[in-house]
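Enquirer: In case you want the letters, here they are:
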Amino acid sequence: MSVLMKAADPNAALQMLLKKYGVAAGTKAKIALCGESGALVPGDSFAAKDLPAGAAALLPWRVERRFVELKNLVDNKTVEKVSTLRFASMRAGANLAELLYREFDLCEWIGGSRIVSLFASFNAPHAANVIVKLASGVAASVEVGATLPAGSAPVDRHEIIAARGVASDRVVDTQMPQHSVYVMNAKGENRFTDTDAELYGLSEEEILAVRAAYKVLANEKIKSEWQEQHVNLRRLVQAALKSDAECVRVSI
Amino acid sequence: MKPIKIAILSLTHGHTRKYYQTLKDNPKLEWVAVCAENAKVKKVFEAGKHGVPCYDSEEKMFVAHPEIEAVVIASGNSEHLRQVEMCCQRGIHILSMKIPTFDMKEYDRMIELVDKAKIVCQIELEMHYNPVVHRIKEQVAGGAIGKIKSMQATNITLSPVWAFPWQGVPELSYGARVPLKDGDSRFRGGALCDHPHIFDMIRWLTGSDFAHIFAEVAPNIRADLEVEDMLLVSGKMKDGTSFLLDPSWSRMEERLEVPGPGWEVFPKRMEVNMVLNGEKGSMVADCFGPNVYHNGGPNDRYTVQYTYFDEWVGLIDEFVDCVRNNKQPKINLKWHRRTIEAMNACYESVQAGQPVKF
Numbered sequence: 001m002s003v004l005m006k007a008a009d010p011n012a013a014l015q016m017l018l019k020k021y022g023v024a025a026g027t028k029a030k031i032a033l034c035g036e037s038g039a040l041v042p043g044d045s046f047a048a049k050d051l052p053a054g055a056a057a058l059l060p061w062r063v064e065r066r067f068v069e070l071k072n073l074v075d076n077k078t079v080e081k082v083s084t085l086r087f088a089s090m091r092a093g094a095n096l097a098e099l100l101y102r103e104f105d106l107c108e109w110i111g112g113s114r115i116v117s118l119f120a121s122f123n124a125p126h127a128a129n130v131i132v133k134l135a136s137g138v139a140a141s142v143e144v145g146a147t148l149p150a151g152s153a154p155v156d157r158h159e160i161i162a163a164r165g166v167a168s169d170r171v172v173d174t175q176m177p178q179h180s181v182y183v184m185n186a187k188g189e190n191r192f193t194d195t196d197a198e199l200y201g202l203s204e205e206e207i208l209a210v211r212a213a214y215k216v217l218a219n220e221k222i223k224s225e226w227q228e229q230h231v232n233l234r235r236l237v238q239a240a241l242k243s244d245a246e247c248v249r250v251s252i
Numbered sequence: 001m002k003p004i005k006i007a008i009l010s011l012t013h014g015h016t017r018k019y020y021q022t023l024k025d026n027p028k029l030e031w032v033a034v035c036a037e038n039a040k041v042k043k044v045f046e047a048g049k050h051g052v053p054c055y056d057s058e059e060k061m062f063v064a065h066p067e068i069e070a071v072v073i074a075s076g077n078s079e080h081l082r083q084v085e086m087c088c089q090r091g092i093h094i095l096s097m098k099i100p101t102f103d104m105k106e107y108d109r110m111i112e113l114v115d116k117a118k119i120v121c122q123i124e125l126e127m128h129y130n131p132v133v134h135r136i137k138e139q140v141a142g143g144a145i146g147k148i149k150s151m152q153a154t155n156i157t158l159s160p161v162w163a164f165p166w167q168g169v170p171e172l173s174y175g176a177r178v179p180l181k182d183g184d185s186r187f188r189g190g191a192l193c194d195h196p197h198i199f200d201m202i203r204w205l206t207g208s209d210f211a212h213i214f215a216e217v218a219p220n221i222r223a224d225l226e227v228e229d230m231l232l233v234s235g236k237m238k239d240g241t242s243f244l245l246d247p248s249w250s251r252m253e254e255r256l257e258v259p260g261p262g263w264e265v266f267p268k269r270m271e272v273n274m275v276l277n278g279e280k281g282s283m284v285a286d287c288f289g290p291n292v293y294h295n296g297g298p299n300d301r302y303t304v305q306y307t308y309f310d311e312w313v314g315l316i317d318e319f320v321d322c323v324r325n326n327k328q329p330k331i332n333l334k335w336h337r338r339t340i341e342a343m344n345a346c347y348e349s350v351q352a353g354q355p356v357k358f
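Those sequence lines, one after another, are chains A and B.
Here the first sequence is numbered in the working numbering, starting from 1 and rising by one per residue.
Here the second sequence is numbered in the working numbering, starting from 1 and rising by one per residue.
Misleading hints may appear alongside valid ones.
[What the hints assert, rightly or not] Straight-line C-alpha distance at most 25 Å; calculated DSS-like pairs for lysine-lysine: (1) Lys5(B) with Lys19(A); (2) Lys5(B) with Lys77(A); (3) Lys30(A) with Lys187(A); (4) Lys20(A) with Lys28(B); (5) Lys77(A) with Lys268(B); (6) Lys334(B) with Lys116(B).
[As the list claims (entries may be wrong)] Far from chain A by the CB rule (all over 12 Å, computed), these chain B residues: (7) Tyr20; (8) Glu46; (9) Arg135; (10) Asn325.
Hints listed in this document are in silico derivations from the structure and should not be mistaken for laboratory results.
All values reported here derive from a predicted model rather than from experimental measurement.
Beta carbons are placed, not taken as given, at the ideal position from N, Cα and C, and that holds for glycine.
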């Protein structure tokens with residue numbers, strides 16, 4: 001009785017989108033979540049190592065709806081005169097560099113300004129805290145952790161504090177991400193959050209990779225911008241490591 | 001596939017603006033024209049700079065654009081039969097708003113006209129293209145909670161009457177001026193008429209039909225409306241499923257003439273939540289959440305900023321497929337008839353003070 005198609009795999013879904021919306025470029029493009037020569041790969045996976053030859057970095061969180069809307073709230077001046085960003089991300093088994101890569105990009109993208117300095121405090125490989133300063137004057141705290149037990153769902157929070165208004169991807173008086181559907185039966189509790197009907201059936205990570213790949217294939221300028229940003233983000237991650245190692249504030 | 005040349009009629013339905021982006025983005029459609037019901041509506045549309053010609057009358061539009069193959073009937077309920085007749089005469093396919101009509105004679109006339117004209121008439125019940133609803137259907141079909149024993153659901157919103165006045169006029173919304181019940185100064189045509197989704201969804205999820213239905217109206221929270229804005233519905237399906245539905249306008253709004261930021265007073269302007277209790281477990285679902293939240297402009301109130309409203313993408317995809325491949329839409333006039341009957345039964349129950357048996 002389903003009226004939605006179920007996406008089979010990320011690359012088939014990407015080709016479906018390209019065909020549906022008439023994007024000629026990229027019919028041979030391939031997403032490789034774990035990296036592969038010539039493929040489109042999530043940039044954060046290569047925060048601490050070089051991209052495979054000919055690979056292009058994706059910034060998949062930039063197509064995630066909650067971040068798009070948070071950015072819209074800033075860009076459209078729904079919240080005005082941003083002062084501080086408070087970002088946090090915990091992921092089981094993650095590499096701290098990967099986590100920082102994404103959060104640094106979100107700081108710059110949502111904040112609309114470059115990071116110009118940072119001070120980092122690591123307790124590797126478990127956790128790190130960083131205070132960054134944007135060229136606009138906005139300050140941001142970035143907390144990352146890799147100590148969640150295996151199998152745990154990621155936990156994160158992104159809060160924008162402005163002279164006019166606070167915006168967040170977490171509802172007031174809650175600490176954990178909410179979900180669309182909770183199923184409770186004898187096997188325990190299952191949670192689902194579905195936000196993309198066209199790509200229903202793929203995991204959230206796969207959906208974001210497909211949407212990001214589609215975006216760069218449909219717009220060569222974005223592809224170039226993201227490659228430049230990948231280089232910048234790797235430099236920021238290195239600066240954070242240096243700040244921690246030398247216990248100094250690092251200017252970028 | 002050759003793009004379908006499509007137009008929009010009237011532009012007075014609250015969902016009209018939801019189509020604009022989809023009609024532009026979907027390469028299987030060519031949005032060729034719209035016609036506005038009045039000068040005020042035309043002015044609002046033209047301010048949006050959509051690059052699509054806007055006509056003052058349907059007749060003028062059809063004459064200027066004989067290539068139109070399909071339309072979105074985006075009008076008040078009282079206009080629907082006339083517009084369906086007009087489309088059937090021209091062999092133009094129809095994407096209908098969620099309430100074709102509450103008059104069952106008119107409804108049957110629509111079925112007859114559509115069948116005779118051999119056109120596609122798809123009813124816009126966009127929840128079927130919502131990814132959370134898809135997950136709910138999949139979990140139910142996969143037996144995650146076993147056979148459904150009860151369903152509780154909300155389809156609650158702010159009231160759109162200040163932006164779309166026909167929704168507060170009994171003749172235009174319900175199709176007639178019928179008192180709710182003896183001693184009540186209000187008339188049929190309010191919140192219930194705006195919220196068919198949960199009446200439809202229980203049919204899909206249980207695969208069963210209504211056995212009986214009971215409805216109770218509450219005092220209006222908007223004293224100046226002449227239609228109901230708060231009501232509760234309960235009953236049973238033929239398979240024994242007990243249900244409790246809330247199709248109210250229980251979220252207060254600013255009285256904007258053009259919807260936009262700051263419309264809501266309560267933080268979340270629209271909610272479709274479901275609780276399903278089955279013989280093996282339970283499921284709770286929010287079809288429009290989670291989101292992001294702020295207390296910024298224009299009113300500095302805590303507000304839900306929705307993160308997805310993509311139902312129209314899938315809905316249009318199905319419509320295109322049906323038109324080009326001669327298929328029957330899942331939500332067609334015949335399927336939807338029972339949902340409308342159930343909504344009418346709510347009004348009958350309010351009037352009688354007793355459940356209505358099917």
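Enquirer: So, for every hint listed, does it hold in this structure?
Expert: Quick rundown of the hints versus the structure:
1. For the proposed pair Lys5(B) and Lys19(A), the alpha carbon gap of about 20 Å is at most 25 Å, so the pair holds.
2. At most 25 Å may separate the alpha-carbon atoms for a hinted pair to count; Lys5(B) and Lys77(A) exceed this at roughly 37 Å.
3. The straight-line distance between the Cα atoms of Lys30(A) and Lys187(A) is roughly 37 Å, outside the 25 Å bound, and the hint therefore fails.
4. Between Lys20(A) and Lys28(B) the alpha-carbon distance is near 8 Å, which keeps this suggested pair within the 25 Å criterion.
5. Straight-line distance between C-alpha atoms of Lys77(A) and Lys268(B) comes to about 20 Å, which keeps the hinted pair within the 25 Å bound.
6. Pair hint Lys334(B) plus Lys116(B) holds up; C-alpha atoms about 14 Å apart against a cutoff of 25 Å.
7. Chain A leaves Tyr20(B) outside its interface by the beta-carbon criterion, the shortest separation being 17 Å against a cut-off of 12 Å.
8. Against the 12 Å criterion, Glu46(B) stays outside the reach of chain A, whose nearest CB is about 22 Å from its own CB.
9. In this structure Arg135(B) is not separated from chain A by more than 12 Å, as the shortest Cβ-Cβ distance comes to only about 5 Å.
10. Chain A leaves Asn325(B) outside its interface by the beta-carbon criterion, the shortest separation being 14 Å against a cut-off of 12 Å.
Violation of the numbered hints given earlier is confined to hints 2, 3, 9; the remaining hints are satisfied by the structure.
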